[in-house]
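Visitor: First residue of the sequence shown: 100, per the numbering used here; consecutive thereafter.
Hints may be right or wrong, so weigh each one.
To be verified - Under the rule of at most 25 Å between Cα atoms (straight-line distance), these lysine-lysine pairs were calculated in the DSS-like manner:
{"hint": "1", "residue 1": "K248", "residue 2": "K209"}
{"hint": "2", "residue 1": "K111", "residue 2": "K209"}
{"hint": "3", "residue 1": "K155", "residue 2": "K130"}
{"hint": "4", "residue 1": "K147", "residue 2": "K174"}
{"hint": "5", "residue 1": "K222", "residue 2": "K294"}
{"hint": "6", "residue 1": "K115", "residue 2": "K222"}
{"hint": "7", "residue 1": "K115", "residue 2": "K209"}
{"hint": "8", "residue 1": "K111", "residue 2": "K248"}
{"hint": "9", "residue 1": "K222", "residue 2": "K155"}
{"hint": "10", "residue 1": "K115", "residue 2": "K147"}
{"hint": "11", "residue 1": "K159", "residue 2": "K115"}
{"hint": "12", "residue 1": "K114", "residue 2": "K197"}
{"hint": "13", "residue 1": "K294", "residue 2": "K115"}
Bear in mind the hints are in silico, worked out from the structure with no lab data behind them.
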Amino acid sequence: MKRRLNFTGRRKIDKKNVSISVEPVDNDSPKFNANLDFSEMNFPEGSKVYIDAKHKTEWKRFDFGETGDLGAREKTILDDIALLEGLKFRVLVVDNEKRIIGLARAISPKIKDENRNNLLPVKISEMDLLWDLDYPGSRPELHINEDIKGSVEMVESDSAFRLSVFPEVLRRILYRIVFWEDEVDDPKETSEWHKEWLEFAAQFNDDMELPNTFNPENVSFDSEKIDRWIDIVVDEFAINMRREWNDIEEKDFGSGSKIQRELTQYD
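Construct all of the structure, not just a fragment, from the sequences and the given hints.
Guide: What follows is the structure, encoded as structure tokens:
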């Protein structure tokens, strides 16, 4: 008969005590690293620790030793996981009677990829608003109110927040580029971070080409055309975000968004 784990009396492991990063490997399956801190939880000596990696119906369990001697007992290669987007982890502590006495679930890993170019750093800040944009050194940053409980989790996994905030973030940044900062005749000659955002935006507008000038003094400047271009970009961006969310939403392990991962990183 298959033995089942008993969840009676389990304790929640705070996500601040768990850090998991995934490292893509060229021409091979990715691997992950985990740092666990149970020093203040007083689990019984000899309790076993496991980490589950899951993406939709694909999952794999890894042995991470015991509470007093933490560490991977096998290679942490994700060879049974096809995609990193939407990948989630959970950590289990199991006592000698096979009861789960500690659990952390729906943990989003940090993706280590030197080739990733994150457009929008996310910072947790002291502020009055729920969120705001800042431009230190000219490049945009998304600031989240530090007093909001679970602010990091909100940005990572709260679909209502992401679907309402990120399109507005994109709109504000594009308007700043066009109407506040950029007065060049040819958008191809704009600053590097402007180019990155305009290239990102262009993928969401197949109906209209990028306006050929951002200079109000140029006779070809057309503010109404630029408004329409931005509207189409933002609308299609929001539609794509909603579609991605619906495609990868999962009840137990949360979700991840390719668009969000391309946009954001944490400091």
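Visitor: Honestly, which of those hints from before does the structure not fit?
Guide: 9 and 13
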